[in-house]
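One letter stands for each residue in the lines below.
There are 2 protein chains.
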Amino acid sequence: MLNKEYINGVYLVIGESACGGKDLESIVEASLHAGLCCVQLREKEADTRTFLNRAKALKSILKGTGIPFLINDRIDIALAAQADGVHIGQSDMPYETARRLLGPQAIIGLSVESWDDVKTAQNLDVSYLGVSPVFDTPTKTDTKTAWGLEGLSRIRKASKHPLVAIGGIDKENARQVVQAGAHAIAVVSAICSAANPEEATRALNQAGF
Amino acid sequence: MLNKEYINGVYLVIGESACGGKDLESIVEASLHAGLCCVQLREKEADTRTFLNRAKALKSILKGTGIPFLINDRIDIALAAQADGVHIGQSDMPYETARRLLGPQAIIGLSVESWDDVKTAQNLDVSYLGVSPVFDTPTKTDTKTAWGLEGLSRIRKASKHPLVAIGGIDKENARQVVQAGAHAIAVVSAICSAANPEEATRALNQAGF
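Those sequence lines, one after another, are chains A and B. Numbered per our numbering, the first sequence spans residues 198 to 406. Numbered per our numbering, the second sequence spans residues 198 to 406.
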């Protein structure tokens with residue numbers, strides 16, 4: 198997976214807490230038909246067995262679609278479910294450790310929350326940077342100051358890596374985010390909370406790309 | 198680590214929440230001088246980076262002592278910190294998956310919470326069974342009915358595996374637990390909450406073995 202051209206489009210971040218009781222598998226199945234470039238499973242509350250079973254179910258749905266499947270944070274779950282890689286933040290496993298455990302072919306995305314993080318990542322062979330959060334959002338409460346469109350644009354000029362913007366992105370601002378430098382736009386609630394996830398995904402694709 | 202004779206003595210389970218603000222490293226350093234057969238790091242609230250750094254610190258303390266160092270649940274942390282293995286429960290990674298990820302030399306302990314768990318484990322090459330909980334305890338709230346001394350004794354007769362009893366063990370009941378069939382007695386608060394962890398460990402050793 199050294200080709201990074203897949204970082205281009207709508208990137209779905211999904212987890213039980215974001216789905217408000219709705220079935221995760223149905224949301225992934227619906228939205229992938231409208232075009233996704235990546236799916237990331239993020240579970241911060243589930244026990245390991247539940248997380249693993251959910252990962253295996255999504256992996257099975259995505260098999261053969263060509264859409265990479267990533268696990269947030271948990272390298273053990275990624276290994277056990279044979280996911281394509283992980284997305285890690287600055288409080289997760291250090292990048293070098295994650296790469297050593299997952300091997301050279303794995304996709305490893307890294308969230309950058311400060312300018313120091315961006316600079317450090319220039320020396321890492323990460324698959325993409327997660328620009329987090331681009332806008333303030335209620336979904337993640339543990340992140341730092343929002344980058345804004347200006348911050349995103351600065352990272353685009355300074356970084357060699359593909360950029361996935363996340364945080365408060367919806368169909369109203371998707372175009373601006375892509376124009377400011379995002380290769381992909383990651384959303385949680387814009388798809389997971391939508392009455393019609395397929396329509397919501399289509400609208401994001403049309404708005405952004 | 199195919200030799201299982203190390204499952205014999207006082208087994209310390211430690212984690213930040215059990216230590217009430219006291220330094221984990223100091224507790225491990227103090228208690229290992231009084232005799233420990235195993236140390237397990239259990240962190241249910243810490244982020245991955247914090248958990249990993251703590252695991253590396255304890256690994257460093259235990260290096261060269263011959264005392265196995267295990268991680269509760271998190272196989273990624275065990276791999277990254279080069280721990281000797283993991284302790285898993287019935288809501289963690291399935292045993293076979295854990296074994297595949299960690300390899301044949303790793304120590305893998307498995308908690309049994311029902312008679313079905315005990316029977317299933319007869320066909321697994323686990324390193325030991327955690328008999329959990331042997332008595333009711335405030336430390337773990339997610340476990341099932343306590344086995345009691347009678348249940349422990351039944352498991353000892355039926356199982357081929359070394360047994361580590363956990364849950365509500367202190368110096369007052371340690372002897373009974375060993376006599377009922379435990380090869381090792383695992384404690385959290387009896388050491389972590391003690392004013393003098395070294396004394397507490399010595400008292401458990403003297404009471405139980």
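Because the hints were derived from the structure by calculation, they are not lab data. Treat the hints with care, as some may be off.
[Stated by the list, open to error] In silico lysine-lysine, DSS-like type, Cα no more than 25 Å apart, as pairs: (1) LYS341(B) x LYS341(A); (2) LYS354(A) x LYS201(A); (3) LYS316(A) x LYS253(A); (4) LYS256(B) x LYS316(B); (5) LYS253(B) x LYS316(B); (6) LYS241(A) x LYS253(B); (7) LYS256(A) x LYS201(A); (8) LYS341(B) x LYS354(B); (9) LYS256(A) x LYS219(A); (10) LYS241(A) x LYS354(B); (11) LYS241(B) x LYS253(A); (12) LYS219(A) x LYS201(A); (13) LYS241(A) x LYS341(B); (14) LYS219(B) x LYS256(B); (15) LYS253(B) x LYS241(B).
[What the hints assert, rightly or not] Simulated restraints on C-beta separations: (16) ASP322(B) x LYS316(A): 22 to 32 Å; (17) GLN319(B) x SER288(A): 34 to 44 Å; (18) GLY232(A) x ALA355(B): 47 to 57 Å; (19) SER311(B) x ARG351(A): 50 to 60 Å; (20) GLN302(A) x GLU293(B): 23 to 33 Å; (21) GLY300(B) x ASP322(A): 18 to 28 Å; (22) ALA355(A) x ASN250(B): 34 to 44 Å; (23) ALA254(A) x GLY218(B): 34 to 44 Å; (24) SER350(A) x GLU242(B): 49 to 59 Å.
[Stated by the list, open to error] Some chain B residues close to chain A (C-beta under 7 Å, calculated; not the full set): (25) ASP244; (26) THR245; (27) ILE272; (28) ASP273; (29) LEU276; (30) SER288; (31) MET290; (32) ARG296; (33) ASP314; (34) VAL315; (35) ALA318.
This one's a predicted model, so the numbers in the text were calculated from it and none came from an experiment. Note that the Cβ used here is the ideal one computed from N, Cα and C, for glycine as well.
Hints, verified against the model:
1. LYS341(B) x LYS341(A): 40 Å, violated
2. LYS354(A) x LYS201(A): 18 Å, holds
3. LYS316(A) x LYS253(A): 35 Å, violated
4. LYS256(B) x LYS316(B): Violated: LYS256(B) and LYS316(B) sit about 33 Å apart, past 25 Å.
5. LYS253(B) x LYS316(B): 35 Å, violated
6. LYS241(A) x LYS253(B): Distance ~23 Å between LYS241(A) and LYS253(B) Cα, so the pair holds.
7. LYS256(A) x LYS201(A): At roughly 20 Å apart (the allowed maximum being 25 Å), LYS201(A) and LYS256(A) satisfy the hint.
8. LYS341(B) x LYS354(B): 21 Å, holds
9. LYS256(A) x LYS219(A): Answer holds: LYS256(A) to LYS219(A) is near 18 Å, not above 25 Å.
10. LYS241(A) x LYS354(B): 40 Å, violated
11. LYS241(B) x LYS253(A): This hinted pair holds, its Cα atoms lying about 23 Å apart.
12. LYS219(A) x LYS201(A): Given pair LYS219(A), LYS201(A) is violated - Cα atoms ~32 Å apart, limit 25 Å.
13. LYS241(A) x LYS341(B): 23 Å, holds
14. LYS219(B) x LYS256(B): 18 Å, holds
15. LYS253(B) x LYS241(B): 17 Å, holds
16. ASP322(B) x LYS316(A): 22 to 32 Å: 48 Å, violated
17. GLN319(B) x SER288(A): 34 to 44 Å: Hint holds: Cβ distance 40 Å, inside 34 to 44 Å.
18. GLY232(A) x ALA355(B): 47 to 57 Å: For GLY232(A) and ALA355(B) the Cβ distance comes to about 56 Å; the hint holds.
19. SER311(B) x ARG351(A): 50 to 60 Å: Given range 50 to 60 Å: holds, Cβ gap about 57 Å.
20. GLN302(A) x GLU293(B): 23 to 33 Å: Cβ of GLN302(A) to Cβ of GLU293(B): about 24 Å, so the range 23 to 33 Å holds.
21. GLY300(B) x ASP322(A): 18 to 28 Å: 26 Å, holds
22. ALA355(A) x ASN250(B): 34 to 44 Å: About 29 Å separates the Cβ atoms of ALA355(A) and ASN250(B), which means 34 to 44 Å is violated.
23. ALA254(A) x GLY218(B): 34 to 44 Å: 40 Å, holds
24. SER350(A) x GLU242(B): 49 to 59 Å: 37 Å, violated
25. ASP244: Interface hint status for ASP244(B): holds (4 Å vs cutoff 7 Å).
26. THR245: 5 Å, holds
27. ILE272: 4 Å, holds
28. ASP273: Check passed: Cβ of ASP273(B) comes within 4 Å of chain A, closer than 7 Å.
29. LEU276: This interface hint holds because 6 Å falls under the 7 Å limit.
30. SER288: 4 Å, holds
31. MET290: 5 Å, holds
32. ARG296: 11 Å, violated
33. ASP314: 13 Å, violated
34. VAL315: With a minimum Cβ separation of about 19 Å from chain A (threshold 7 Å), the hint on VAL315(B) is violated.
35. ALA318: Violated, because the Cβ-Cβ distance from ALA318(B) to chain A comes to roughly 16 Å (cut-off 7 Å).
Consistency with the previously given hints fails for numbers 1, 3, 4, 5, 10, 12, 16, 22, 24, 32, 33, 34, 35, ordered from lowest to highest.
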